[in-house]
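Asks: From first to last, the protein sequence lines stand for chains A and B. Take the first sequence: its position 110, counting from 1, is numbered 109 in numbering that gives the first Met the number 0, and each next residue is one higher. Take the second sequence: its position 117, counting from 1, is numbered 116 in numbering that gives the first Met the number 0, and each next residue is one higher.
Heads up, a few of these hints could be off.
Said to hold, decoys possible - Beyond 10 Å from chain A on every Cβ pair, some chain B residues (computed):
{"id": "1", "residue": "Y3"}
{"id": "2", "residue": "Q20"}
{"id": "3", "residue": "M52"}
{"id": "4", "residue": "Q75"}
As the list claims (entries may be wrong) - Listed below are the simulated DSBU-like cross-link pairs for lysine-lysine, each with C-alpha atoms no more than 30 Å apart in a straight line:
{"id": "5", "chain 1": "B", "residue 1": "K19", "chain 2": "A", "residue 2": "K188"}
{"id": "6", "chain 1": "B", "residue 1": "K156", "chain 2": "A", "residue 2": "K188"}
{"id": "7", "chain 1": "A", "residue 1": "K180", "chain 2": "B", "residue 2": "K132"}
{"id": "8", "chain 1": "B", "residue 1": "K19", "chain 2": "A", "residue 2": "K209"}
{"id": "9", "chain 1": "A", "residue 1": "K417", "chain 2": "B", "residue 2": "K132"}
{"id": "10", "chain 1": "B", "residue 1": "K22", "chain 2": "A", "residue 2": "K188"}
{"id": "11", "chain 1": "A", "residue 1": "K209", "chain 2": "A", "residue 2": "K23"}
{"id": "12", "chain 1": "B", "residue 1": "K11", "chain 2": "A", "residue 2": "K188"}
{"id": "13", "chain 1": "B", "residue 1": "K22", "chain 2": "B", "residue 2": "K156"}
{"id": "14", "chain 1": "B", "residue 1": "K164", "chain 2": "A", "residue 2": "K209"}
{"id": "15", "chain 1": "A", "residue 1": "K209", "chain 2": "B", "residue 2": "K42"}
{"id": "16", "chain 1": "A", "residue 1": "K209", "chain 2": "B", "residue 2": "K132"}
{"id": "17", "chain 1": "A", "residue 1": "K180", "chain 2": "A", "residue 2": "K417"}
These are calculated hints, taken from the structure and not from any lab test. Here a beta-carbon is modelled for each residue, glycine too, at the ideal position from N, C-alpha and C.
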Amino acid sequence: MLPPTIPFQQVRGDLWRPLAGFSKRYSLILALLSAVALWGLIAWGYQIRVGIGVAGIRRPVFWGFYLVDFVFWIGISHAGTLISAILRLTDADWRKPVTRAAEAITTFALMIGGLFPLIHLGRVWLFYWLFPYPNSRLLWPNFRSPLMWDVTAISTYLTGSLIFLYLPMIPDVAQLAEHAKGWRLRLYKLMALGWTGSDREWHALERAMKLMAGIILAVAVSVHSVVAWDFAMAIAPMWHSTIFAPYFVVGAIFSGLAGLIVALNIIRKTMHLEAYLTPHHFGNLAKLLLLMSLLWLYFTFAEHLTVWYGNEPKEMNVFGARVRGRFSPEFWGMVIVNFVIPFILLGIRKLRSITTATIASVGILIGMWLERYLIIIPTLSLPRLAAASGRYSPSWVEISITVATFAAMAALYMVFSKLFPIVSVWEFEPHEEEQE
Amino acid sequence: MSLYLTGSFSDKETAAQAIKQLKASGYGPDELAVFSDEPVEFKRGVLDRRSHMSFVVVSGAVAFFLMVVGFVYYTQHDYPLVTGGMPIFSFWPTGVVFYEITMLGAVLTTTGWFIWESGLLRRDKSVPVPSIKPEVICLRVRCTAEQFGAATDLLEKAGAQNVAKLEKAA
């Protein structure tokens with residue numbers, strides 16, 4: 000935790016420093032990431048022009064990488080909002096340098112995740128058919144469809160997350176506006192909404208943030224539940240499960256935490272914020288990550304045990320393919336990176352450090368992507384009708400778009416960190432309660 | 000015509016003492032405002048601001064819920080699909096949509112009410128605002144020309160530094 004002896008001017012100087020200027024290294028990395036993201040856009044453009052057939056999705060596997068990526072990114076988006084909201088509601092002091100970085104992850108991950116249903120649409124130019132208005136045959140959208148559930152859930156979550164990120168930024172941008180020039184001054188002034196720092200404004204902000212934290216928690220849980228129900232509502236082997244919603248929510252928080260630890264470590268190193276993002280913060284996050292790893296193992300075990308004990312032939316086909324068949328390398332690899340490695344690196348106190356937490360987190364991100372792959376592909380490859388079985392291999396278009404989303408996420412995050420302090424300055428000023 | 004004066008305090012206890020004395024002299028909460036670069040929490044009864052935010056947010060959520068239920072009911076009946084004897088309007092499959100839009104109502108109402116209650120976007124530009132310095136609590140008092148001298152004395156006695164008449168920034 001930041002010792003209260005660091006003077007305010009230094010806190011502000013340290014946290015504002017990354018906003019000034021662009022280093023050569025920054026520009027080079029941003030250009031590289033933008034180029035990869037652009038390549039993904041070109042691949043998507045190619046798919047729109049030629050048709051969805053350029054993707055590897057074929058009967059019976061109609062959901063491939065795009066849906067894997069969709070679930071993965073929506074999961075990552077749970078980093079910020081859930082973690083920030085829980086820590087805000089419980090008044091956990093150590094959250095202060097962590098929340099904004101986490102909330103930004105949520106917003107960008109949601110923006111990327113929300114794109115995938117559109118990318119997956121064969122005729123994306125008709126996406127507006129999802130809007131609730133009657134079409135030319137006076138037919139309204141079917142609100143009973145899980146696709147409409149997704150639209151409403153993601154729209155609500157994205158709106159809530161953007162506001163949850165924005166509200167606590169108002170005092171910071173108001174202060175930045177006093178020192179900025181040119182376009183930055185215009186941007187910060189517009190965003191500050193005329194903030195003066197009066198007690199009325201502070202009271203309203205604190206009340207709004209408490210309420211928003213409660214609301215966003217409820218929305219975040221519902222969003223990943225809805226994503227889980229996209230699968231669970233289908234009577235497909237190993238999908239039609241009552242625990243899918245909590246299983247997905249746990250997985251989302253798990254992958255979100257891992258994403259947050261990786262992002263925080265990069266921020267800490269590149270922006271020289273070692274005094275603000277301390278081993279104490281990483282230690283707390285690492286403990287949370289370990290807890291989520293155990294919870295994830297529990298849900299995975301419960302899900303597979305029930306299927307195995309039920310011994311229903313169609314379900315066992317998928318079960319067998321996952322644990323001892325053609326998907327077993329991915330399955331056991333997932334168990335190793337999601338449980339074995341974190342359990343060793345984070346469970347043994349002597350081994351727990353910022354570096355090991357980051358290594359475990361990178362592994363978990365890979366493992367959680369594999370988990371989504373293992374949920375979607377084996378079930379679709381081995382449907383109830385054995386004669387309709389098939390195989391799936393992604394095309395270059397799907398791989399390009401997948402890689403591009405990671406680059407886009409990193410690029411968006413880099414741009415954000417150049418525009419706004421990645422650690423909330425006003426929240427970080429030494430409060431009297433902290434000094435006591 | 001109203002005049003504004005400010006006094007700076009280095010800690011919240013002294014500021015709270017000054018507010019109590021001003022209130023005892025007849026100043027209401029609307030005539031007092033505290034400015035700082037971080038939230039200052041006084042004990043209950045010092046400078047309480049009434050808030051209806053929770054009530055308004057719940058009302059907003061309920062309003063959105065009723066709106067979405069009405070909308071979905073209308074659309075399902077406007078073009079009734081053949082459902083094979085199943086209900087045209089059913090709560091279970093549309094419950095998720097109701098829930099999400101209700102929460103959207105809560106989110107939007109919170110934002111709207113925050114802007115309203117904080118006074119942002121509707122601030123009277125003719126009222127001067129003191130510039131805030133780090134780790135300083137600034138108390139602004141609105142008074143009449145006759146009260147000005149007494150209010151200045153009161154602030155100074157309460158331990159305020161730099162007590163001065165506040166002019167509108169150029």
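Asks: The structure should be examined with respect to each hint, and the outcome stated for every one.
Replies: Tested hints:
{"no.": "1", "hint": "Y3", "verdict": "holds, 13 Å"}
{"no.": "2", "hint": "Q20", "verdict": "holds, 17 Å"}
{"no.": "3", "hint": "M52", "verdict": "violated, 5 Å"}
{"no.": "4", "hint": "Q75", "verdict": "violated, 7 Å"}
{"no.": "5", "hint": "B:K19 with A:K188", "verdict": "violated, 34 Å"}
{"no.": "6", "hint": "B:K156 with A:K188", "verdict": "violated, 37 Å"}
{"no.": "7", "hint": "A:K180 with B:K132", "verdict": "holds, 20 Å"}
{"no.": "8", "hint": "B:K19 with A:K209", "verdict": "holds, 28 Å"}
{"no.": "9", "hint": "A:K417 with B:K132", "verdict": "holds, 25 Å"}
{"no.": "10", "hint": "B:K22 with A:K188", "verdict": "violated, 34 Å"}
{"no.": "11", "hint": "A:K209 with A:K23", "verdict": "violated, 41 Å"}
{"no.": "12", "hint": "B:K11 with A:K188", "verdict": "holds, 29 Å"}
{"no.": "13", "hint": "B:K22 with B:K156", "verdict": "holds, 15 Å"}
{"no.": "14", "hint": "B:K164 with A:K209", "verdict": "violated, 36 Å"}
{"no.": "15", "hint": "A:K209 with B:K42", "verdict": "holds, 19 Å"}
{"no.": "16", "hint": "A:K209 with B:K132", "verdict": "holds, 27 Å"}
{"no.": "17", "hint": "A:K180 with A:K417", "verdict": "holds, 15 Å"}
In summary, the numbered hints that this structure violates are 3, 4, 5, 6, 10, 11 and 14.
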